[in-house]
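Visitor: Chain by chain, the residues run as shown.
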Amino acid sequence: MAHWRPVYAVLEREVVRMFRQRTRLVSAMVRPLIWLFVIGAGFGAVLQQAGGVSYQQFLVPGVLGMTMLFGAMLAALTMVYDKESGVMRMLIMAPFPHYWIVVAKMLAAALAALLQALLLLILLAALGYLDTQMRFGLLVVALLATSAACAGIGMLVAAFTRTLDNFAAIMNFVIFPVFFLSGSLYPVIRLPMALKAVALANPYTYGVDLLKHAVLGVLPSGLGADFAASTDLAVLAGFTTAALLVASWRFSRESAYEPMIRILTGKRDG
Amino acid sequence: MNPAPVSPLAVKASGLVKRYGDVLAVDGLDLEIPAGQFFGLLGPNGSGKTSTIHMLATLIRPTSGSASVHGHDVLRESVQTRASIGLVFQESALDRTLSIAENLRFAGLLYNLPAKVIEERAAGLLELFGLADKRNRPVGSLSGGMRRALDIVRGVIHHPKILFLDEPTIGLDLPNRRKIWRFIENLRAQTGMTVLLTTHYLEEADTCDHVAFIKSGKLVQSGSPAEMIASLGRYIVEIESQDIETLARRLAPILGPCLREGNVAYFRYAADDVTRLASLQSEAGIQVRALRWRQPNLNDVFLWVAEGKL
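Keeping their order, the protein sequence lines are chains A and G.
With our numbering as the guide, the letters of the first sequence map in order to residues 205 to 474.
With our numbering as the guide, the letters of the second sequence map in order to residues -16 to 293.
Simulated from the structure, these hints should not be mistaken for laboratory data.
We put the CB at the ideal spot given by N, CA and C, even for glycine.
Warning: the hint list may mix true and false statements.
Distance ranges between label pairs, derived from CB positions [as the list claims (entries may be wrong)]:
1. A/W208 to G/A106: 22 to 32 Å
2. A/F377 to G/R79: 22 to 32 Å
3. G/N119 to A/Q225: 11 to 21 Å
4. G/G154 to A/V450: 32 to 42 Å
5. G/S126 to A/T227: 24 to 34 Å
6. G/A213 to A/V450: 56 to 66 Å
With the rest of the complex left out, here is chain A (with noise of 0.2 Å):
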């Protein structure tokens, strides 16, 4: 049974309410522009620059990773905000199985990533902070594979989210740390073990490192990307499909959201 439609109309809202919620694509655009040019600019003046690469330059991939975090956890987390609202009951009455529901979640909030890289993209260029070295293809590559491993992140949170108070928690326990412990601000290979160990488990290092690949093109060991990029892409696509299936097993569940459905009635009536 094709279920085109249902997942074209989450799509399409995610989109229209993107651009209906101006502040929601400002700040998108105005934080990793803040992180380029006030974070760059002061670590830039500590650190020497090296192999002609500066901090700010070493940064693009970084910020542009770090849209595409923003982008796909906010537009995730609209899911539990859904869950509050009446677009879920909408969602789990319609006629499809329920982990369809996580499919068209998923891809609309790699999408809202996806557009947001790419405004984000042509500010940059704008800005001439691009690279005209840059790989094109593999930048195509690298946004797909990390807007979708930013939706896994993002779904795996909002399955296992009940309400969204713990917004503030997600923020200080997932989408700092994921940010933080890649290698967006620093390389990898430098950190001390412990967080080194951390940063190779976490699935978004490895898009970023991707974007390094594509946007820093070939640079001294230690600066440019880490991995492989075969490595890179094998990680995010394995994570991916992990975080989909984990995501659409845990909506299936009857306990998932029940517990929605009756706060939804308004009240406990039996």
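Chain G: place on chain A using the hints.
Guide: Frame of chain A, contents of chain G only:
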């Protein structure tokens, strides 16, 4: 030999049970609703109405028992079941950030309807529900009554065979409740849709073809509203007194058990002849402040059922 013609059943449930931990929300419920009927499921809070509707809508799984909606088993064919029902719950299932038209488009696409079909149906339904001139308004800006009307439009955009209305008018003022009922009547007249209603406003269930009262997850009474009211008796006798205890005790041999509410006792009175009632004051032997009798209604049925005295 030909089998006897059987009218198709919209809902058939047998031995339906839902248990939440120690709480038995639905306790072996049997239900049969013929196609096209306007059926009211009534009962006090916590009686299991909503759990029953949720099980029939495949949103929660029965602990045991079976149910089917228009021939689709709710457990084995949950997707087909959901395709054949429309649901309107106590809390609205709408996206407040989108407009009326966008909400209906979203809902229609979820039911795999082509965009063109959605637009045609939305135009007709919005006309029927008095929302035609507001189609581009964001849902967040609509009044409670308009939002509820839209919720019903949303619930029938895919032309379901049966519509579940769980407390459709809760939280609305009287003019809006009346309006919603007029919409539902028009919709039934146009489509012949089966409607399964739960409500606390019993006067709204008066127009049902059939009502069933449930209590503690069990069916306690069922029939047409007129039958149920008739089963209560000819009159309800209301007697007001300072000493309601004594009054109830002294009149019990004559009138049977009563319901009490503050200083008023309600008795059921089966006979047509009310002359007997005039002598009640002397038989009670205590000061009676007021004595009146009136026709019973569904509210009385509800109260007597809720008190477990019927």
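Visitor: Now tell me if each hint is right for this structure.
Guide: Status of the hints after comparison with the structure:
Judged by the Cβ atoms, the range 22 to 32 Å given for A/W208 and G/A106 holds: they are separated by roughly 25 Å. For the pair A/F377 and G/R79, the supplied restraint of 22 to 32 Å holds, since their beta-carbon distance comes to about 29 Å. For the hinted restraint 11 to 21 Å between G/N119 and A/Q225, the CB-CB distance of approximately 18 Å keeps it satisfied. Look at G/G154 against A/V450: about 39 Å separates their beta carbons, and that is inside 32 to 42 Å.
With their beta carbons about 27 Å apart, G/S126 and A/T227 fall inside the hinted range of 24 to 34 Å. Checked against the hint of 56 to 66 Å, the pair G/A213 and A/V450 passes, with Cβ atoms roughly 58 Å apart.
In summary, this structure violates none of the numbered hints.
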